[in-house]
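Residue numbers (the numbering used here), protein chains in the order written: chain A, 1 to 328; chain B, 329 to 609; chain C, 610 to 968.
Treat the hints with care, since some could be wrong.
[What the hints assert, rightly or not] One-sided and incomplete, this derived list gives chain B residues near chain C with beta-carbon spacing under 7 angstroms: (1) Ile374; (2) Gly430; (3) Arg431; (4) His465; (5) Phe548; (6) Arg551; (7) Phe552; (8) Pro560; (9) Tyr576.
Quick caveat, the hints were computed from the structure, so don't treat them as lab data.
Where a beta carbon is used, it is the ideal one built from N, C-alpha and C, also for glycine.
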Amino acid sequence: MSVATNKLRIDVRDWRRILSPTGNPGDAVFRVLMTAITFFVVAIVIGMVLTLGADSMQSIRHFGWGFLTGREWNPVRGNFGALPFIYGTLMSSLIALLISVPFSLGIAIFLVEQAPHYLAKPVGFVVELLAAIPSVVYGVWGIFVLAPFLRVHIEPKLAALLGWTPFFQGQITGIGLLTGGIILAIMVTPIISAVVRDVLSAVPGSQREAALALGATKWEMIRVVLVNGAPGIAGAVILGLGRALGETMAVTMVIGNRPEISLSLFAPSYTIASAIANEFTEATDDLYLSALVELGLILFLVTFVVNGLARILVWNVTRKTGGLSRAA
Amino acid sequence: MITYAGRADRSRRISSALMTSLTALCTLLAVGALFIILAYIAVQGIGSLNLQFLIDSPRPVGEGGGIGNAILGSLVLLGISSAFGLPIGICVGVYLSEVGKGRLASIVRFIVDTLTGIPSIVTGVFVYAILVLPMKHFSAFAGGVALALIMVPIVARTTEEMLKLVPHSLREGALALGAPQWRVTLGVILPAAASGIATGAMLAIARVSGETAPLLFTAFGSRFFPTSLNEPIASLTVQIYNYALSPYDEWHALAWAATLVLMTLILGINIIVRVLTRRKF
Amino acid sequence: MPLPKRSLQLLSLITLVSFAFGFAACNPGGTGSNTGAVSLTGAGATFPNPLYQKWLSEYGKLHPSIRIDYQSIGSGGGIKQIQAQTVDFGASDSPMKDEDLKGAPGEIVHIPTVLGAVVITYNLPALGQPLNFSPDVIADIFLGKITKWNDPRIAADNKGINLPTSEITVVHRSDGSGTSAVFTDYLSKVSAEWKDKVGTGTSPSWPMGIGGKGNEGVTGQVKNTPNTIGYVELAYAVQNKLPVAKVKNASGNFIEPSIDAVTAAAAASAATTPDDLRVSITNAQGAQAYPISSYTYLLIYKEQKDAAKGKALVDYVWWGIHDGENYAKELLYAPLPADIVKRAEVKINSITSGGKPLR
């Protein structure tokens, strides 16, 4: 709800209007409280960025922009470059989303539109339970179950089928970018599907009935619902992406931890979060520590950029479909 | 009802049937994946589950021991982080959906979104720098704060999305009846979105209960039952981490058993929250 | 119109819980509020963690009013936390460097507690007996210069064994670790090329191979991937029933990593061990010495601020290097040789509080 207030001219009588458009004191308290708490959180985030910036100053001054394009990570010699980590982080998250988003959508659609009532709730619970498994457990399961399974059954077939592309070449050990991406996908799916489920449930039944009344098949009706819920779905994907970008324990155990850039999905890789987790406690010299903190700062920036792109995408989609959402 | 039996119609029906079976397949695979992982954990850990395990504190290798203090510790940490994280997260969500306007709200939303992408270890190090270093000791309180920081963006974003999905008609109806905005929000919109907000809360709780890295820098870990919030405290995840990364099969089995306990805990909290936010429509 | 009952219930529940925690958090309690009870915290190396947990438990039975907690966060973590004074004692596999000691707010004493071995383990299921490795062969494998298992240089040390033709997959540590520091320290001593190209450190830039997290990660990868070779602490290889290679020491003998061989390495280096007990014993001279051995240390401030805590600490460490050594062998750690124990006693006796020695 928005009450038109003239915000261009602020004088003593108008500040009351700004605080509470309805003039109600309870409203003023409410709005001030909500705003204050929110800005407190924003202040913490800004504080984190400033702390990260301050602690990485030494590394920024030493390496400059070369840090972003540097490909070598050598703590003993003091040469640090972030490119392999940026690549690993982006690629593993991309793989995770490519696998997870269709799956999550499928699960959410099934549970909301198709599953009978007695099935929907328990199955929904079960999927959410995947989110409750600690990441260190995912990691150990990955080493002992997933990686050998991929090495023996899946990766050889992929190499046979698609080995002519640069993505499926090289030595097959079961530990690498693909395994990392798959584990991330499993970890991210419950988050995306749970939120999408709620989004789809909230789409009014009238939308569905209208589509069906016009002769749509079940799937076409579902597409209408999806378009309705598009912004919410985008929010869900961003949440999932956030988890993927920041995930540490599970990924570090199966991704190989090798700061090298290779197009092949079988090759080991290294993410920013894994690097920080692996090396932070052992980094006793200042430049090393500063370089690691700068990596953290870069991850912040990467999240910023990716979120921004996602937002532009959503804006484009909702712009075309007009005011379909929020139908009463 | 008039049906058109043209080719176009048949292909639409076929694709509909195809897609709907695909979604069923996706769900099956997801449930299947969970069962595979659960089965692995259960097979590895069920042997060590017994009453002694649940109430004892940890002991050296070869002497058994239990996770009683870790269970209590995890509950305490969960309590502290929820006490801070849930209300703050919901308030931020309310701001983004109901109070904030235009540009400013977009910027704030952006900033909250980036908080979700921060690796939990960075959050842990940040809380270490602002709480542990000045206090010169590790504490349960610092651990709770670190977990709360991880919870806030998840709760905030889902709250905002769920609040935005509440139909306008509900808002307008309540306002038309003369209720002030805060009454409308607290009394009508929040309850209407309650189950969605509960989902966000559950996701956040599930997320932080599985976190290890931030706790290592803040709550630290302990062999003893907690006596004060100002001291290091044990937690299930740190205990699982210590056991899983050790060389001993016996400790590995304990790690798996502890994982089963952790997941049961989350399931329990999940059920409680769902029951509390049930809507009797 | 009152607020809906359920929202009110939830709100009051949350408020009550927050207040409860708030009051509890303000409780200054903990150390010293009970009669004679002392709480100590320590952090550091993962390698001696199982032994330290045993020590804490046994010592706790003897002195129940002393609560000591130890968390394994890595040797570097131990050094950082003791420098920041957030813990009462640190633990590290490698001794602190001079610059780290200068950066600490007070003088830090190194007390060696036990010894450990870094072993070479591999996954070649067809073999019946342990492989022998010469130091330069190990270095060249990890440098990537020897790539196949049936390389003539490996075969030269292992006459009569049928080596496979497959490629060697190297597994190393991805996280910073004292184990890596010991291993690279050894490689730097035996291979000039390694020293030049890679050097010594907790997080060296490995020329090749895949990285596993923790000793457990490396063990897991070696165990589950054929044709791999890696380095882990002895306990991990033994507990997981992985084969352990014999390494040629400085005297020319192929030595199997055993507890006695590790103690022999320490004893052989005792003469050259400096006063502050910071020493590297890799590639030791003794005939039966295992060449990739190392001490692990406790890091304690020479001047303790709190006399009660300091006394509890020195009593515990004294017990550790005497009675505690009895528990070492069954957990696959090598006890300190007798003359090192004597020298550690001197160090413990030098710890003071307010200028007065605590023992």
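*Quick check: which numbered hints come out false for this structure?*
Hint check: 1, 2 and 3 fail, others pass.
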